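> Chain by chain, the residues:
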Amino acid sequence: MSGLHPPKPFPEAARDKVSQPQLRANLRKVTHTIREKRLRAVGEVPHWEELRVLGEATKDATLANLSDRLLQLEASVKARGGQVHWARDAAEARELVARIAESHGVDELIKVKSITSDEIELNAGLAERGIHAIETDLAELIVQLSHDTPSHILVPAIHRNRAEIQALFNRELPGEGNLSDAPAELAGAARRYLRHKFLTTKMAVSGVNFAVAETGTVCVVESEGNGRMCLTLPEVLVSVMGIEKVLERWEDLAVFMELLPRSSTAERMNPYTSFWSGVTPGDGPQEFHLILLDNGRTDVLADATGRQTLRCIRCSACLNVCPVYERTGGHAYGSVYPGPIGAILTPQLLGMADKNANTLPGASSLCGACFDACPVRINIPQVLIYLRGEANEEKGVTAEALAMGAVGYAMSSGWRFEGALKLARAGQGPLVRGGEITALPGLLGGWTQSRDLKAVPPQSFREWWRQREGADG
Amino acid sequence: MGNAEARLEVLTRINRAVAGVQAPALPAYPQCERLEREAMLRQFQDRIEDYRASFQRVAQTEVAGAVALALAGAERVVVPAGLNPAFLPTGLHELHDDPPLSHAGLDRAEAVVTGCAVAISETGTIILDHGVDQGRRALTLIPDLHICVIRAEQIVQSVLDGVQRMEGSVGAGRPLTWISGGSATSDIELVRVEGVHGPRRLCVVVLD
Chain L
1 MSGLHPPKPF
11 PEAARDKVSQ
21 PQLRANLRKV
31 THTIREKRLR
41 AVGEVPHWEE
51 LRVLGEATKD
61 ATLANLSDRL
71 LQLEASVKAR
81 GGQVHWARDA
91 AEARELVARI
101 AESHGVDELI
111 KVKSITSDEI
121 ELNAGLAERG
131 IHAIETDLAE
141 LIVQLSHDTP
151 SHILVPAIHR
161 NRAEIQALFN
171 RELPGEGNLS
181 DAPAELAGAA
191 RRYLRHKFLT
201 TKMAVSGVNF
211 AVAETGTVCV
221 VESEGNGRMC
231 LTLPEVLVSV
241 MGIEKVLERW
251 EDLAVFMELL
261 PRSSTAERMN
271 PYTSFWSGVT
281 PGDGPQEFHL
291 ILLDNGRTDV
301 LADATGRQTL
311 RCIRCSACLN
321 VCPVYERTGG
331 HAYGSVYPGP
341 IGAILTPQLL
351 GMADKNANTL
361 PGASSLCGAC
371 FDACPVRINI
381 PQVLIYLRGE
391 ANEEKGVTAE
401 ALAMGAVGYA
411 MSSGWRFEGA
421 LKLARAGQGP
431 LVRGGEITAL
441 PGLLGGWTQS
451 RDLKAVPPQS
461 FREWWRQREG
471 ADG
Chain U
1 MGNAEARLEV
11 LTRINRAVAG
21 VQAPALPAYP
31 QCERLEREAM
41 LRQFQDRIED
51 YRASFQRVAQ
61 TEVAGAVALA
71 LAGAERVVVP
81 AGLNPAFLPT
91 GLHELHDDPP
101 LSHAGLDRAE
111 AVVTGCAVAI
121 SETGTIILDH
131 GVDQGRRALT
141 LIPDLHICVI
151 RAEQIVQSVL
161 DGVQRMEGSV
171 GAGRPLTWIS
181 GGSATSDIEL
191 VRVEGVHGPR
201 RLCVVVLD
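Line by line, the protein sequences give chains L and U. Residue 473 is where the first sequence ends in full-length UniProt numbering, and the numbering goes up by one at each step. Residue 208 is where the second sequence ends in full-length UniProt numbering, and the numbering goes up by one at each step.
No lab work stands behind these hints, which were simulated from the structure alone. There may be inaccurate statements among the hints.
[Claimed, not checked] Not the full set, but computed from the structure, chain L residues with beta-carbon under 7 Å of chain U:
hint	residue
1	Ala57
2	Ser67
3	His85
4	Ala254
[Unchecked claim] Just a sample of chain L residues kept apart from chain U, beta carbon distances all over 10 Å, derived:
hint	residue
5	Glu121
6	Ala127
7	Arg171
8	Gly351
9	Glu436
10	Arg462
[What the hints assert, rightly or not] Coverage of chain L stretches by chain U, computed from C-beta distances (three or more under 8 Å per stretch; other residues unrestricted):
hint	region
11	129-141
12	176-188
13	191-197
14	217-229
15	288-298
Since we're looking at a predicted model, the values are computed, not measured. Even glycine gets a Cβ: it sits at the ideal position worked out from N, Cα and C.
Please put together the full structure from these sequences, using the hints given.
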C-alpha cells in the first residue's frame, strides 16, 4: 500500500486485520487513551462549541473564494522572496520537488512529517531519481526503516510495539546494537542518528498545516523539534500543501491554533509551531519553494455535499473515536488517509469509479461519534451516506439490489414470508457453520463479504405462536 | 513560470467548482472570561509547570540569580545581541552570533538565554518573533537548554490575544516560533519522552 490508492476493497482488507488479537488490543489501548485525554483538554474550554462553529465558518469562507485566496498567497509569498509552483496531480508535484533537488545537486534530503508527501508518494518518486528522502519524525522514521506504511495520522507507527522498534533500531541505526526497549533510550538513538543529518543536509521538504494568504505566512505544527530543524537549518526548503490549507487573514489562525492541538494530541498547545513568510535574510533557508497541490481536491470542491471534507485540518480526532478504526486499524483503509475522514476523503480524491476506494464509505457504523469529535464540524456520517449512494450508482443493478427487491416482495405479506423461510431453511443446510452463514454463494457473496448472516432458525416465531395457540387449545 | 498551464487549470477548476457559492459570515470570536492580572500569571505558571518546564518568578534585581540557577552549571551560553546584559550571571563563556555561529558551533553550546515577544497564559505558550533579544531561529533550537526571560507585561491570556499581538511582526515578514514546553514525543507506545530534537529543557523566568 502506498499513496492514496487502496490495493483491496475495504471489507477484504479489514477481514485480515480484525482477526489479529494483538493489533486489536494495541489499537483499543491507544484510541481509548487519546480519546479520554482529548475529552479533558476539550472540556477545559467552556466555549468549545462556538470555536467549532467559527472554525467551520472560517474554512467555508476561504473555500468559497479559494482562487482569490491562492492568488493572494502566491503574491504574498513571492513578495517575501519565496517561489510558488502549482501541481495538478501527484506526478507534477513529485517532478517539481525532484527538479529543485537536482538543480542543487542534492542526492539526500530531510523531511518533516507530511501526509501530503505520502499522498503523492514523494519518497518513491525521488528514489527513482537517485534522491534519498530521510523521514525525521520518530514514528515516520520507524515506518521508513521497517519498509512499512503509516497507520494513523498522528501516531503513524502506533501498530508497532517497543520490542519491534528495539529490534529495528539495533539492526538499522549505525553505531547502535545494544539498545534496551525503553522508549527514552530508543528516542535517544533516533536523536543521535538524525542530529548529524539536521546539521549537515542542504535541502528539506515539509508539509503545511496552514498558510495565510494576506501575509504569505506558512505554518507547521509539531512536537519533537524535527520540524524546526528541517525548516530552519537547510539552505533550501520546499513545502508541499494541499490547496485547501489556505486561510485569508493572519487572525484566522487563532481559532485553529485552539482547535487543532486539543483535538489532535489532546494538549493545550503542541510543543512547537513554526511560522515563516518567504525568506528571512540571515535566518533559515535562503531559498523557499511553496508547491500548491490539487490532486483531486477541485473535484471534491465541486461537490456541494462532499465539499465540507476540505475543511479537514488532519487532527485525527475522528480516528480515535471510531469503532471501525478501533478494530481494523489504519492499514485496512489502504490509503494514507485512514479512519472516518479517510473513508470520505480517499474515494472523493480518487473519484467514485475507483473500485477499491468506493468501498470505503461502507467502513462505518454511522454512529456519529466522528462528527461530534470533528473540530471543524465535518458531517462525516452525512457524507458517508451520500457517497454510499454514489457508489451504488457506480455499481448499477447489483445482486444485492435484486436480493433486497426479492426480500421486500417476500416480506410484504405473511404467507409469502413464511413460505420463503421454509424454502430458506431447506436450502441453507450446506452453508451453515456454527449457526452462522459466513459466505453466500455466487452473486450473493457480496452481502456476506463484510457481515455474517444468522442461519434461519429451526422454528420461526410465527410457527411457535401457532403451536402455542394449539397447545393452549 | 514553467507551470503556468497547471496554474491556469487549477484556478479554472476552482472557479467552476465554487461558482455561485456564497461565503458565510463569520460569527464573533468566542471570548473567555477575563482573569485578573495576578490570576493570569498564576495560570501561566500552572501551564508551564504542567509541561514539566521549570518556572521562577522574580523581581528585576534577581534575574541574574534566577538565570544562574536555571543554568545549573552550564557555561557555554549563547547570548543574542540584544539581550539585557543585566540578565546574565558573571563568569559565563558567552557565545555571540556575530559573525553567525556555525551549526557545529551552536551544537557545542550548552544553553541559550533569550527574551520573548509575547506569552499566552491559557496554553502556557511562549512566542518568539526572533527580535534582537531572541536571535535567529537556530539559536533557540540547537542548544540543549533554553532559558527564556519574560517580562510580566508580555503575558496575555488567550490564543487570540497572542495572535493579535503578533500581527505587526508577521506583517513585517518576521518568522515566529511558538514554544509550549520542551521537545517531546509519544510515538513509542504513547509513552511521553521529553527531549527529542529541540532543547531538552525549558526554563521560564518571569520578571515582575
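> Does Ala57 (chain L) pass the interface check with chain U, least Cβ-Cβ distance below 7 Å?
holds, 5 Å
> Taking 8 Å as the Cβ threshold, is the statement that the region 191-197 of chain L is covered by chain U upheld or broken by the three-residue rule?
Since three or more residues must qualify, the claim that chain U covers the region 191-197 of chain L holds, with 3 doing so at under 8 Å.
> Does the region 176-188 of chain L contain three or more residues whose Cβ lies closer than 8 Å to a Cβ of chain U?
Holds: 4 residues of the region 176-188 of chain L have a Cβ under 8 Å from chain U.
> Given that the region 217-229 of chain L was listed as covered by chain U, double-check it with a C-beta distance under 8 Å for 3 or more residues.
holds (count 7)
> Find the nearest Cβ of chain U to the Cβ of Gly351 (chain L) and say whether that gap is larger than 10 Å.
holds, 14 Å
> Examine the region 129-141 of chain L for residues whose CB is less than 8 Å from any CB of chain U, and state whether their number is three or more.
holds (count 4)
> Is the Cβ of Arg462 (chain L) farther than 10 Å from every Cβ of chain U?
For Arg462 (chain L), whose nearest Cβ neighbour in chain U is about 53 Å away, the distance exceeds 10 Å, so it holds.
> The region 288-298 of chain L covered by chain U? Criterion: 3 or more residues, Cβ-Cβ distance below 8 Å.
holds (count 3)
> Should the label of Glu121 (chain L) as a non-interface residue stand, given a Cβ cut-off of 10 Å to chain U?
holds, 18 Å
> Using Cβ atoms and 10 Å as the threshold, tell me whether Ala127 (chain L) really stays out of contact range of chain U.
Ala127 (chain L) clear of chain U: closest Cβ-Cβ about 23 Å, beyond 10 Å.
> Given His85 (chain L) as an interface hint, is its Cβ closer than 7 Å to any Cβ of chain U?
Hint holds; His85 (chain L) Cβ to chain U Cβ min 6 Å, cut 7 Å.
> For Glu436 (chain L), is the shortest beta carbon distance to chain U beyond 10 Å?
It holds; Glu436 (chain L) is separated from chain U by about 36 Å at its closest Cβ, greater than 10 Å.
Violated hints for the displayed structure: none, as all numbered hints are satisfied.
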